[in-house]
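Going line by line, the protein sequences match chains A and B. Going by the working numbering, the first residue of the first sequence is number 34, and it counts up by one from there. Going by the working numbering, the first residue of the second sequence is number 13, and it counts up by one from there.
Everything labelled a hint here was simulated from the structure, so no lab data went into it. Heads up, the beta-carbon is just placed ideally off N, CA and C, and yes, glycines get one too. Do not take every clue at face value.
[To be verified] Pair by pair, the computed Cβ-Cβ distance ranges are:
(1) A:I252 with B:E31: 13 to 23 Å
(2) A:K49 with B:Q47: 50 to 60 Å
(3) A:E247 with B:Q47: 16 to 26 Å
(4) A:I252 with B:K25: 36 to 46 Å
(5) A:G208 with B:K16: 23 to 33 Å
(6) A:P185 with B:Q47: 13 to 23 Å
(7) A:I252 with B:F28: 20 to 30 Å
(8) B:E30 with A:E234: 21 to 31 Å
(9) A:P185 with B:K25: 16 to 26 Å
(10) B:D34 with A:R103: 35 to 45 Å
(11) B:M13 with A:N36: 48 to 58 Å
(12) A:F212 with B:N61: 30 to 40 Å
(13) A:V136 with B:I32: 29 to 39 Å
(14) B:I32 with A:E43: 46 to 56 Å
[Stated by the list, open to error] A short, non-exhaustive set of chain B residues, derived as facing chain A with CB atoms under 8 Å:
(15) P51
(16) L55
(17) F80
[Said to hold, decoys possible] Derived PhoX-like pairs (lysine-lysine); straight-line CA-CA distance at most 25 Å:
(18) A:K47 with A:K121
(19) B:K40 with A:K205
(20) A:K205 with A:K164
(21) A:K239 with B:K63
(22) B:K25 with A:K205
(23) B:K70 with B:K29
(24) B:K40 with B:K70
(25) B:K63 with B:K46
(26) B:K16 with B:K46
(27) A:K162 with A:K205
(28) B:K70 with B:K46
(29) B:K18 with A:K239
(30) A:K205 with B:K16
(31) B:K53 with A:K239
(32) B:K53 with B:K40
(33) A:K205 with B:K70
(34) A:K227 with A:K205
(35) A:K239 with B:K16
(36) A:K239 with A:K142
(37) B:K70 with A:K239
(38) A:K205 with B:K53
(39) B:K29 with A:K239
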Amino acid sequence: MRNFNAISREEQEKLKRSHVLVAGCGGLGGYVISYLARLGVGRITAFDPDEFAEHNLNRQIFADMSTINRTKVEVVKENLSLINPEVKFTGIKARFEEGFEEVWENDIKVVVDALDSIPSRLELARICKEKEVPLVYGMVGGWYGEIGTQFPEDETLENLCRMGVKGQGVEKEGGVLSFVVGGIAALQAAEVVKVILGRGEILREKVIFFDFLEAESEIMELF
Amino acid sequence: MKVKVKLFATFRKGRFKEEIFDYPEGTKVEDVVKQLSLPVKELGIIFINGKHVSLEAKLREGDVLSIFPLVGGG
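If we strip away everything but chain A, and leave its shape as in the complex, we get (with noise of 0.2 Å):
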């Protein structure tokens, strides 16, 4: 792989001895997955209990006409042979809930949730803590977008969802853009890698909210 100068190739070779879990192949997810791949990261393992569906094809990257009822980890790994053959990926069809403590590696450097849904985000974020590995989340909704990086001993998540726990956000009612979707992951990717190489500003205890709307940016500290 030929990153050039942005990433040195011992970084190069860091990021191919590196394993990342990513918690949802959606939205997120799929773009998640693509960039990491293209990075170079040798061993990404992926949760995801659904099939594509029609109303998936507005914004997951990995959902066309030839996919739409087909497993979407399935869908995944073909695609990974194709953009990088070198990825050792592995997709199970489950959500993360029903399988973490089976493919659970030590080796596993960072978690990256692609979640729909509040509760399954908190609850990714409680396991996080209990394996000691950092989390990169990202939510969407509409227009908007959030995105940080959580450490084992930081409360940033469950102190931006305490107010909506059992609730949807505005995606509910807004969907997501493509756009969004696609710009979030790739903060999420670039955090991945940071946290991987141990270089540059993480998003640490503190979320950037993305207003593609209003083409606006804001930084919450949460500690």
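With chain A's structure known, arrange chain B on it following the hints.
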């Protein structure tokens, strides 16, 4: 007391982006939420001067109150 209220995302629709209001002493965040008819179950996170607070928090002269809706999809 004067308080600057900033609304984000969908909460701006039919309301405003940023406005200064004159509230009586002792006004709480929940009073502002009620006054602006913000749906409580759509609330995400609320800050006063950049520090996240609960609905019961009291406002003070010169505070900046920022209210975000919940965003939860993936």
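Status of the hints after comparison with the structure:
{"no.": "1", "hint": "A:I252 with B:E31: 13 to 23 Å", "in the structure": "22 Å, holds"}
{"no.": "2", "hint": "A:K49 with B:Q47: 50 to 60 Å", "in the structure": "56 Å, holds"}
{"no.": "3", "hint": "A:E247 with B:Q47: 16 to 26 Å", "in the structure": "24 Å, holds"}
{"no.": "4", "hint": "A:I252 with B:K25: 36 to 46 Å", "in the structure": "23 Å, violated"}
{"no.": "5", "hint": "A:G208 with B:K16: 23 to 33 Å", "in the structure": "31 Å, holds"}
{"no.": "6", "hint": "A:P185 with B:Q47: 13 to 23 Å", "in the structure": "40 Å, violated"}
{"no.": "7", "hint": "A:I252 with B:F28: 20 to 30 Å", "in the structure": "22 Å, holds"}
{"no.": "8", "hint": "B:E30 with A:E234: 21 to 31 Å", "in the structure": "28 Å, holds"}
{"no.": "9", "hint": "A:P185 with B:K25: 16 to 26 Å", "in the structure": "38 Å, violated"}
{"no.": "10", "hint": "B:D34 with A:R103: 35 to 45 Å", "in the structure": "59 Å, violated"}
{"no.": "11", "hint": "B:M13 with A:N36: 48 to 58 Å", "in the structure": "54 Å, holds"}
{"no.": "12", "hint": "A:F212 with B:N61: 30 to 40 Å", "in the structure": "32 Å, holds"}
{"no.": "13", "hint": "A:V136 with B:I32: 29 to 39 Å", "in the structure": "53 Å, violated"}
{"no.": "14", "hint": "B:I32 with A:E43: 46 to 56 Å", "in the structure": "54 Å, holds"}
{"no.": "15", "hint": "P51", "in the structure": "10 Å, violated"}
{"no.": "16", "hint": "L55", "in the structure": "5 Å, holds"}
{"no.": "17", "hint": "F80", "in the structure": "6 Å, holds"}
{"no.": "18", "hint": "A:K47 with A:K121", "in the structure": "15 Å, holds"}
{"no.": "19", "hint": "B:K40 with A:K205", "in the structure": "28 Å, violated"}
{"no.": "20", "hint": "A:K205 with A:K164", "in the structure": "31 Å, violated"}
{"no.": "21", "hint": "A:K239 with B:K63", "in the structure": "11 Å, holds"}
{"no.": "22", "hint": "B:K25 with A:K205", "in the structure": "16 Å, holds"}
{"no.": "23", "hint": "B:K70 with B:K29", "in the structure": "22 Å, holds"}
{"no.": "24", "hint": "B:K40 with B:K70", "in the structure": "4 Å, holds"}
{"no.": "25", "hint": "B:K63 with B:K46", "in the structure": "21 Å, holds"}
{"no.": "26", "hint": "B:K16 with B:K46", "in the structure": "16 Å, holds"}
{"no.": "27", "hint": "A:K162 with A:K205", "in the structure": "29 Å, violated"}
{"no.": "28", "hint": "B:K70 with B:K46", "in the structure": "14 Å, holds"}
{"no.": "29", "hint": "B:K18 with A:K239", "in the structure": "19 Å, holds"}
{"no.": "30", "hint": "A:K205 with B:K16", "in the structure": "29 Å, violated"}
{"no.": "31", "hint": "B:K53 with A:K239", "in the structure": "23 Å, holds"}
{"no.": "32", "hint": "B:K53 with B:K40", "in the structure": "18 Å, holds"}
{"no.": "33", "hint": "A:K205 with B:K70", "in the structure": "31 Å, violated"}
{"no.": "34", "hint": "A:K227 with A:K205", "in the structure": "32 Å, violated"}
{"no.": "35", "hint": "A:K239 with B:K16", "in the structure": "22 Å, holds"}
{"no.": "36", "hint": "A:K239 with A:K142", "in the structure": "21 Å, holds"}
{"no.": "37", "hint": "B:K70 with A:K239", "in the structure": "24 Å, holds"}
{"no.": "38", "hint": "A:K205 with B:K53", "in the structure": "12 Å, holds"}
{"no.": "39", "hint": "B:K29 with A:K239", "in the structure": "22 Å, holds"}
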